[in-house]
Amino acid sequence: MRTLSSLLRRKVVTESGHSLGRCHDLRGELIGSKLHITGLCVGQGGWLEHLGIHSHDAHQTIPWSAVTRIEGKQIVVRNDAINGPLRSW
Amino acid sequence: MSKFLGLALGILAAIGGFVDIGDLVFNVSAGATFGYQLLWVVVVGVVGIIVYSEMCGRVAAVSGKAVFDAIRERVGFTPALGALLASEVVNLMTLAAEVGGVAISLQLLSGLPYRWLILLAIVGLAVIVWVTSFEWLERIFGYGGLCLLVFAVAAVKLDPAWGKVGKGFLPHLAQNNKLLYAYFAIGLLGAALTPYEVYFYSSGGIEDEWSPKELGLNRANAIIGYGLGGFLSFALMITGGALFLGHGISPEHLGTIALGAENPLGKTGLLLALVGILFAVGGASIDTVFSGAYNLAQFCGWEWGRYRHPRGAPRFTLTWLVLLVLALAIVMTGVDPVILTEYAVIFSVVALPLTYIPILLVANDKTYMGRYRNGRLANTLGLFYLVVIMVVALSAVPLMVLTNVGQN
Amino acid sequence: MEIDIALQVLDHQLLDKNGRRCGNVDDLAIEGGPGELPEVVAILAGPGYWPQRAGLIGKLAGWIGGGRRVRVDWSEVAKIDAAVELKRAATELGLGRGDDRLRPYLDKIPGAGR
Chain A
1 MRTLSSLLRR KVVTESGHSL GRCHDLRGEL IGSKLHITGL CVGQGGWLEH LGIHSHDAHQ
61 TIPWSAVTRI EGKQIVVRND AINGPLRSW
Chain B
1001 MSKFLGLALG ILAAIGGFVD IGDLVFNVSA GATFGYQLLW VVVVGVVGII VYSEMCGRVA
1061 AVSGKAVFDA IRERVGFTPA LGALLASEVV NLMTLAAEVG GVAISLQLLS GLPYRWLILL
1121 AIVGLAVIVW VTSFEWLERI FGYGGLCLLV FAVAAVKLDP AWGKVGKGFL PHLAQNNKLL
1181 YAYFAIGLLG AALTPYEVYF YSSGGIEDEW SPKELGLNRA NAIIGYGLGG FLSFALMITG
1241 GALFLGHGIS PEHLGTIALG AENPLGKTGL LLALVGILFA VGGASIDTVF SGAYNLAQFC
1301 GWEWGRYRHP RGAPRFTLTW LVLLVLALAI VMTGVDPVIL TEYAVIFSVV ALPLTYIPIL
1361 LVANDKTYMG RYRNGRLANT LGLFYLVVIM VVALSAVPLM VLTNVGQN
Chain C
2001 MEIDIALQVL DHQLLDKNGR RCGNVDDLAI EGGPGELPEV VAILAGPGYW PQRAGLIGKL
2061 AGWIGGGRRV RVDWSEVAKI DAAVELKRAA TELGLGRGDD RLRPYLDKIP GAGR
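Residue numbers (the working numbering), protein chains in the order written: chain A, 1 to 89; chain B, 1001 to 1408; chain C, 2001 to 2114.
Listed next, the in silico PhoX-like pairs over lysine-lysine satisfying Cα-Cα at most 25 Å (straight line):
| id | chain 1 | residue 1 | chain 2 | residue 2 |
| --- | --- | --- | --- | --- |
| 1 | C | Lys2059 | A | Lys11 |
| 2 | A | Lys73 | A | Lys11 |
| 3 | B | Lys1167 | B | Lys1178 |
| 4 | B | Lys1213 | B | Lys1366 |
| 5 | C | Lys2079 | A | Lys34 |
| 6 | C | Lys2079 | C | Lys2017 |
| 7 | B | Lys1164 | B | Lys1178 |
| 8 | B | Lys1366 | C | Lys2079 |
| 9 | C | Lys2087 | A | Lys34 |
| 10 | B | Lys1157 | B | Lys1267 |
| 11 | C | Lys2017 | C | Lys2087 |
| 12 | B | Lys1157 | B | Lys1167 |
| 13 | A | Lys73 | C | Lys2059 |
| 14 | C | Lys2017 | A | Lys34 |
Calculated directly from the structure, the hints in this document are not laboratory data.
Here chain A stands alone, though its shape is the one from the complex (with noise of 0.2 Å):
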């Protein structure tokens, strides 16, 4: 069992090691009395985004089912698991 405050702002990395930012909210669909976690929320901007400086849709949206593995300090996904091209900072 894991909460969420321990994977909110993890750094959510590739296979290959690319970093795609931190992990900042994760999307989930509600269904009946189940609430099923289908994505996460990651964005390249650090504490400024926390405080919602740049509005939430600008993040991207990973659905879950391309995390690898969850380990240590970081949340591993498969490697096209961004489709479009990331935006920068």
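Please build the complex by placing chains B and C on the supplied structure of chain A, with the hints as guidance.
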């Protein structure tokens, strides 16, 4: 028709409630030291509190969330906890200063010993709050505070050099004593931009179940209530300047401040001034203690509300009772309430960004505010005051040290 | 219904079926990891969960707050709106205990139920 009457009465109460011990100390001292030169700073402060409370009131009306609810949800747990701790410390200092002010006014009115009056003040406040409905509390203290209008009469009767008064409204820098001038400017801004008033006001909006329909009322309350209240601050500074400037009198005691009304208006003036001070500072104590309880309850998710019976919100009730007891302890140490006021105002200004920045963010957030989020005017003013608040917050403590708490 | 969990659930007010405020969502318990579809299984409420949110300052605040921990099964959630609304009363869920324990003492003072 009764809606307008209600608004008018509310505004009267707001005017009477605008002045607290920080305003009394800093406005009269600023007048005594710099004459009318700092009047423009009061204007900046009054517009600032209008902007700040309108934003918080709008957040409350549209999102249904009070300040610390919104801050915790939007900006995150850790920043909110930091803001809470800082706010509670500043709040307690302010409360102790206000309670000390109540005790001093009681002493000046009755001649009874100060220490006993501190206890009387605390017990009296607790009993009055426990027993009286909130509407009556607002009326009693608000209308009582209107006695401070005696300072407006005094200011006119002292026949100051009105040309100089007028010039004081134009922004300008000091010729000499620049550091002290800056210190007073910061103190005046801190005395006007009181966070506890904003927390209290927005929590009250939630309790009154404001919705977007009340946005006009919110704006009117903020602009007219605080605007006219600012007028009392002008009166205090003008009186201080007309009477004390150049005579080496520094109003270090509330009694000296009240003399500002006695000189032109005799014993009646003195009595009205003391009664006005008593009610204004007493009302401020209540706003401050509730604000401390609101913030903690909202952060922790407890039931809260001044309209609720104490048994409806037990931990909230215990919080304001404990805050009063802590204030009692602080004032009983014998610390001079006027000195405590100066420290409270300065520290309040240092902590101000911690709650102002999150509120500015929430007021701009589409998910919370929808189409009521900050427009261009609100953001222009909001950002202007963000700069003012940051500059003031960063320079407050250095200036306090450099000017030896305004003693120079 | 799609939701952003940290934005719309975490740190939000908890309301019981009677609209009573009974805490905040201090954390969420999640079961399932990579490869499976994880789900949020419980709401975690109470100062006992503050240390894991805010490090040292959270530890201090959690200690002052009494360190209580309450776990509310996700199945108890009725609705996610401005607040998180629960299906049952706070007392049945172990929430709002601080208020319930304090109330009898306040009731001893005349005027508490005004």
